[in-house]
Amino acid sequence: GAVVSQHPSRVICKSGTSVKIECRSLDFQATTMFWYRQFPKQSLMLMATSNEGSKATYEQGVEKDKFLINHASLTLSTLTVTSAHPEDSSFYICSARDPRETEAFFGQGTRLTVV
Amino acid sequence: DQQVKQNSPSLSVQEGRISILNCDYTNSMFDYFLWYKKYPAEGPTFLISISSIKDKNEDGRFTVFLNKSAKHLSLHIVPSQPGDSAVYFCAARDTGNQFYFGTGTSLTVIP
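Protein chains in written order, with our numbering: chain A, 29 to 143; chain B, 110 to 220.
Heads up, a few of these hints could be off.
[Said to hold, decoys possible] Among chain A residues calculated to face chain B with C-beta under 7 Å, some are: (1) 72; (2) 118; (3) 121; (4) 130; (5) 131; (6) 132; (7) 134; (8) 135; (9) 136; (10) 137.
These aren't lab readings, by the way, just hints derived from the structure by calculation. No residue lacks a Cβ here, since even glycine has one placed at the ideal position from N, Cα and C.
Here chain A stands alone, though its shape is the one from the complex:
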């Protein structure tokens, strides 16, 4: 099946710094990728839909100036958490759908800890 690779799997950063998370589709082209956030013991919360070559679509309540999404190519989307705060600490997951398949494929997730 299609593979989505997410990097890094774990990152610790200081408050006020920025962190970039990469999401790559390895064997298919994804015009659309999705970014989720998962809090402990909670469901996946869709943050934004990343569209190749255009602006991302953010869900209500998600700060687009804080969570910068760039989808510069058909195989790469990045999420940058700017001016990170401890409350941004969470598990972030990307997904992409191979147009040849029905299901969406998920990256391995990134555990962000802001200290």
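Using the hints, position chain B against chain A.
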């Protein structure tokens, strides 16, 4: 507004028995339904799906049933194994290829 709901946050089943995970949805325009399995600190992995035009899909120990009139689907795992212990997410896809996830059900299979 939660369009996909999993009302049971957790479920415990004895090894060898059947696990039944339930999911309800509100949008009649969903065209595909999927189940994902998730271990802690990992991304969800696809398990099984069903088209809205079918009422059953089986893959080994996993069977998904769809009741469109009730807007309900369920995942049956039989026989359950300790390695099945994970969080299971129900998801639905709309005609715009947007995915909606339920809140997850944590399954524990007791040896």
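Exercise. What are the numbers of the hints that this structure violates, sorted from low to high?
Worked result: 2
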